[in-house]
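S.K.: Just need the whole structure built from these sequences, with the hints factored in.
Number of protein chains: 2
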Amino acid sequence: MTSPSSSTVSPHTKSDLDLLFEFLRFRSISTNPDKASEMHSCADWLRRLLNEGGFTAEVAETGGHPAVLAKGPHVPGRKTVLIYGHYDVQPADPLNLWTSPPFDPVIRNKRIFARGATDNKGQILAHILGAIRLLQAEGSLPVNLVFLIEGEEEVGSVNLAEFIRARRNELRCDIIAVSDTGMVAQGWPTLTQSLRGIAAMEVIVRGPSMDLHSGVFGGAVANPAAALVRLLSLLHDDEGRVAVPGFYDDVTPPTPAERAALAALPLDEVDFQRETGALLLTGEPGFTTLERIGIRPTAEINGLTSGYQGEGTKTVLPAQASAKLTFRLVPCQKPSRILDLVAIHLRNHQPASVEMEIVRGHSGMPYVMDTRSPWCAAALRALEQVFGRPPALMREGGSIPIVQTFRELLGCETLLLGLAAPDCRAHAPDENFPLENFEAGIRLHQILLRELADA
Amino acid sequence: MTSPSSSTVSPHTKSDLDLLFEFLRFRSISTNPDKASEMHSCADWLRRLLNEGGFTAEVAETGGHPAVLAKGPHVPGRKTVLIYGHYDVQPADPLNLWTSPPFDPVIRNKRIFARGATDNKGQILAHILGAIRLLQAEGSLPVNLVFLIEGEEEVGSVNLAEFIRARRNELRCDIIAVSDTGMVAQGWPTLTQSLRGIAAMEVIVRGPSMDLHSGVFGGAVANPAAALVRLLSLLHDDEGRVAVPGFYDDVTPPTPAERAALAALPLDEVDFQRETGALLLTGEPGFTTLERIGIRPTAEINGLTSGYQGEGTKTVLPAQASAKLTFRLVPCQKPSRILDLVAIHLRNHQPASVEMEIVRGHSGMPYVMDTRSPWCAAALRALEQVFGRPPALMREGGSIPIVQTFRELLGCETLLLGLAAPDCRAHAPDENFPLENFEAGIRLHQILLRELADA
Numbered sequence: 001m002t003s004p005s006s007s008t009v010s011p012h013t014k015s016d017l018d019l020l021f022e023f024l025r026f027r028s029i030s031t032n033p034d035k036a037s038e039m040h041s042c043a044d045w046l047r048r049l050l051n052e053g054g055f056t057a058e059v060a061e062t063g064g065h066p067a068v069l070a071k072g073p074h075v076p077g078r079k080t081v082l083i084y085g086h087y088d089v090q091p092a093d094p095l096n097l098w099t100s101p102p103f104d105p106v107i108r109n110k111r112i113f114a115r116g117a118t119d120n121k122g123q124i125l126a127h128i129l130g131a132i133r134l135l136q137a138e139g140s141l142p143v144n145l146v147f148l149i150e151g152e153e154e155v156g157s158v159n160l161a162e163f164i165r166a167r168r169n170e171l172r173c174d175i176i177a178v179s180d181t182g183m184v185a186q187g188w189p190t191l192t193q194s195l196r197g198i199a200a201m202e203v204i205v206r207g208p209s210m211d212l213h214s215g216v217f218g219g220a221v222a223n224p225a226a227a228l229v230r231l232l233s234l235l236h237d238d239e240g241r242v243a244v245p246g247f248y249d250d251v252t253p254p255t256p257a258e259r260a261a262l263a264a265l266p267l268d269e270v271d272f273q274r275e276t277g278a279l280l281l282t283g284e285p286g287f288t289t290l291e292r293i294g295i296r297p298t299a300e301i302n303g304l305t306s307g308y309q310g311e312g313t314k315t316v317l318p319a320q321a322s323a324k325l326t327f328r329l330v331p332c333q334k335p336s337r338i339l340d341l342v343a344i345h346l347r348n349h350q351p352a353s354v355e356m357e358i359v360r361g362h363s364g365m366p367y368v369m370d371t372r373s374p375w376c377a378a379a380l381r382a383l384e385q386v387f388g389r390p391p392a393l394m395r396e397g398g399s400i401p402i403v404q405t406f407r408e409l410l411g412c413e414t415l416l417l418g419l420a421a422p423d424c425r426a427h428a429p430d431e432n433f434p435l436e437n438f439e440a441g442i443r444l445h446q447i448l449l450r451e452l453a454d455a
Numbered sequence: 001m002t003s004p005s006s007s008t009v010s011p012h013t014k015s016d017l018d019l020l021f022e023f024l025r026f027r028s029i030s031t032n033p034d035k036a037s038e039m040h041s042c043a044d045w046l047r048r049l050l051n052e053g054g055f056t057a058e059v060a061e062t063g064g065h066p067a068v069l070a071k072g073p074h075v076p077g078r079k080t081v082l083i084y085g086h087y088d089v090q091p092a093d094p095l096n097l098w099t100s101p102p103f104d105p106v107i108r109n110k111r112i113f114a115r116g117a118t119d120n121k122g123q124i125l126a127h128i129l130g131a132i133r134l135l136q137a138e139g140s141l142p143v144n145l146v147f148l149i150e151g152e153e154e155v156g157s158v159n160l161a162e163f164i165r166a167r168r169n170e171l172r173c174d175i176i177a178v179s180d181t182g183m184v185a186q187g188w189p190t191l192t193q194s195l196r197g198i199a200a201m202e203v204i205v206r207g208p209s210m211d212l213h214s215g216v217f218g219g220a221v222a223n224p225a226a227a228l229v230r231l232l233s234l235l236h237d238d239e240g241r242v243a244v245p246g247f248y249d250d251v252t253p254p255t256p257a258e259r260a261a262l263a264a265l266p267l268d269e270v271d272f273q274r275e276t277g278a279l280l281l282t283g284e285p286g287f288t289t290l291e292r293i294g295i296r297p298t299a300e301i302n303g304l305t306s307g308y309q310g311e312g313t314k315t316v317l318p319a320q321a322s323a324k325l326t327f328r329l330v331p332c333q334k335p336s337r338i339l340d341l342v343a344i345h346l347r348n349h350q351p352a353s354v355e356m357e358i359v360r361g362h363s364g365m366p367y368v369m370d371t372r373s374p375w376c377a378a379a380l381r382a383l384e385q386v387f388g389r390p391p392a393l394m395r396e397g398g399s400i401p402i403v404q405t406f407r408e409l410l411g412c413e414t415l416l417l418g419l420a421a422p423d424c425r426a427h428a429p430d431e432n433f434p435l436e437n438f439e440a441g442i443r444l445h446q447i448l449l450r451e452l453a454d455a
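Each protein sequence line maps, in turn, to chains A and B.
The numbering of the first sequence is this note's numbering, which starts it at 1 and goes up by one.
The numbering of the second sequence is this note's numbering, which starts it at 1 and goes up by one.
No lab work stands behind these hints, which were simulated from the structure alone.
Given the structure is predicted, the values throughout are model-derived calculations rather than measurements.
Among these hints, one or two may not hold up.
Since copy identity is lost for identical chains, a pair holds within one copy or between any two.
[To be verified] Simulated pairs of lysine-lysine, BS3-like, Cα-Cα distance not exceeding 30 angstroms: (1) K14 <-> K110; (2) K110 <-> K314; (3) K334 <-> K314; (4) K35 <-> K14.
M.R.: Structure below.
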């Protein structure tokens with residue numbers, strides 16, 4: 001398939017859906033080095049669309065994949081709103097699990113199926129088209145509008161903080177809005193009020209200087225894999241709480257009102273469980289599923305490696321064993337403090353017979369919106385107007401480190417107005433985006449700008 | 001590198017060392033399915049060598065990798081000796097830890113470095129060349145000699161018992177000799193009087209039907225890696241004993257005389273520790289290093305696999321986690337009983353939130369020789385003549401399940417005359433075989449045949 005990079009990108013002659021299909025056909029997989037030119041074509045397509053639609057747009061180099069930066073007509077005295085999104089997508093493999101090809105969008109059951117349909121092309125394009133259609137209809141926008149659409153969200157936004165620092169003056173704004181989160185139920189308007197933080201580490205236990213014959217030496221030399229599993233078994237107690245001393249010390253306990261709000265959210269636990277394929281839902285005792293994901297911290301093993309991993313048996317006593325760990329954090333836990341506590345806990349139980357190295361990885365602070373702010377109020381009004389019911393206030397389990405970067409570098413808050421359906425299959429085969437969410441997203445953008453202008 | 005499979009294999013024109021180097025160049029990794037043709041080439045090389053050396057040799061199909069079966073000139077009334085060995089080797093990875101390529105043998109510090117140098121190509125070729133050179137020099141052998149050299153020792157000799165059953169008449173013998181064990185110290189002649197048994201299993205813990213986003217789902221869905229490490233942590237108690245209920249029930253306690261004999265062996269613990277690279281020697285409380293290896297059973301984790309294992313972080317909640325386990329057994333433990341006990345122990349602690357599959361692997365009974373037999377006396381005399389000192393009686397930690405099969409199917413005992421140096425690095429990078437052990441092995445074979453003829 002060739003990219004539609006050289007055709008006209010005219011919002012005047014093409015329908016919203018035609019434009020989304022064009023956008024979805026780009027194989028803009030940021031983690032894939034041989035997709036660099038396709039990434040650039042996709043960014044340029046956005047630039048031309050925004051230019052045709054009345055914005056001043058550029059493909060801006062970042063040191064990695066480029067970002068698209070676009071500004072609407074500037075009217076002094078109006079508030080400035082920045083819309084952030086990303087045009088890069090996750091890899092599409094395993095391809096054989098897709099019902100239709102991931103970069104050949106189709107509509108089935110009133111949903112658009114394609115890689116990136118929800119994450120994030122469908123959602124960011126709804127904002128772009130909302131603005132362009134409003135400008136077409138009315139000749140102006142109620143706010144000064146800036147789009148920042150990056151190409152490295154799926155690889156950790158590695159160059160974005162530096163880009164924002166360098167272009168800080170052009171990105172100055174009053175409020176930021178992002179649609180890259182989920183709806184608590186399909187069609188149920190949702191404002192995400194918090195994100196968990198993250199702290200990552202790798203634990204490497206070393207024993208003999210090479211893999212030994214487990215018969216010849218086994219019994220007389222400590223096995224690093226056995227030492228590692230004993231250490232990792234100390235991360236949780238028998239009931240599923242994190243067992244690292246001090247781990248919960250800084251956790252702000254939920255208020256009865258917060259717990260009641262979460263309990264009122266329309267999460268379908270049966271659907272949720274079915275979606276994961278797990279036998280049952282489980283976790284920290286005394287908390288509901290939404291609480292376990294939204295307001296409680298976790299310790300997760302993301303990977304284990306040791307010794308022989310091929311077919312059959314190899315009787316080695318492995319030289320080393322390692323684990324990748326991440327901790328999801330909630331207010332007011334601090335990533336560095338948590339990594340310290342885990343390291344101390346592991347060191348306290350480290351047997352004398354093995355060495356242990358602890359490598360700290362990336363981290364991000366937990367994020368919480370002040371839902372009483374005028375910005376939140378404006379966003380909630382816009383959501384209710386579009387969807388016809390009071391929005392849910394969601395606490396997301398994932399982390400979007402960029403919102404913390406915005407707070408630090410631009411000094412302003414981020415509204416997370418998710419348009420993803422619970423079964424959108426982001427990052428998985430058969431990713432999809434309901435047509436009604438795409439259309440609602442376009443209307444939401446227009447109403448949001450008006451509400452923010454008055455906030 | 002191409003295999004030397006089509007060149008001449010003549011013991012008349014080639015030196016012992018040239019022949020060993022040719023043998024070592026075959027990448028005869030039995031566990032690796034794409035090495036089937038290389039395995040066959042290696043077997044055929046042995047056949048041609050033995051044929052050229054005066055034996056009637058064939059590459060015999062077994063259902064798996066072929067075995068090489070060869071017979072020397074038959075003289076009625078003479079005793080029949082069977083020499084068993086194997087031409088298959090362990091995988092060579094991790095390749096980056098080898099000083100020189102594993103299938104490109106070189107000599108450094110009077111040692112031959114290559115995968116299989118000790119285990120078992122160097123040792124079995126010493127026997128073959130000992131016989132061929134004796135036949136060249138004297139025109140006859142003091143016994144009727146049979147070689148059985150299999151290609152599946154490193155994958156549990158899965159087809160050998162059936163092969164022996166089918167060819168039992170041709171394999172009938174009075175005594176079997178094997179060099180696939182260690183010397184208690186380099187140059188110290190050693191007869192291994194016992195081997196540990198083995199029982200292998202793989203434990204696979206399954207949770208969600210795919211890797212989940214550990215932020216979005218973490219805390220509400222059980223993590224199979226966390227479940228696995230908790231289960232595996234129950235294999236041992238805090239002091240290093242195996243904690244599987246009933247595990248030690250059938251273990252025959254050592255007599256004071258046996259403990260005294262082990263204590264008298266010239267094991268240099270400092271050397272032993274240095275060789276492993278471990279920080280210290282450790283193991284079951286109340287036993288010495290040689291006892292822990294020779295007469296006490298163990299539970300070892302040979303490999304761990306789960307989730308993301310590449311560079312950096314990937315925030316997955318893994319769909320599954322698995323471990324490879326082996327148990328080394330001593331008289332009178334039975335492999336099937338031990339696997340039952342472990343499975344019961346794991347099932348008793350399996351959380352309801354994950355599925356667990358237990359796959360049983362290969363197994364072998366522990367083996368003990370009667371050291372007062374005339375065969376043992378002959379072997380000890382041969383060892384003393386070659387090495388110039390009284391041999392040590394060793395209890396090996398490794399397992400050679402085939403000796404149990406020989407006992408059952410051929411009704412005779414196996415002499416274990418190890419030529420492996422303590423620091424031979426069998427199964428590990430930089431496996432090596434001292435030149436003097438290769439040469440001593442050739443002499444040992446010749447003297448052994450004479451001693452066994454008179455036994």
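S.K.: My question is about K334 and K314: at a cut-off of 30 angstroms on alpha-carbon distance, are they close within one copy, between copies, both, or neither?
M.R.: For K334 and K314, the Cα distance is within 30 angstroms only across copies (20 angstroms; inside one copy 42 angstroms).
S.K.: Is it within, between, both or neither when you check K14 against K110 at 30 angstroms Cα-Cα?
M.R.: For K14 and K110, the Cα distance is within 30 angstroms only inside one copy (20 angstroms; across copies 77 angstroms).
S.K.: Between the shortest in-copy and the shortest cross-copy C-alpha distance, which are at most 30 angstroms for K35 and K14: within, between, both, or neither?
M.R.: within (27 angstroms within a copy, 56 angstroms between copies)
S.K.: Is it within, between, both or neither when you check K110 against K314 at 30 angstroms Cα-Cα?
M.R.: between (47 angstroms within a copy, 29 angstroms between copies)
Hint compliance for this structure: no hint is broken.
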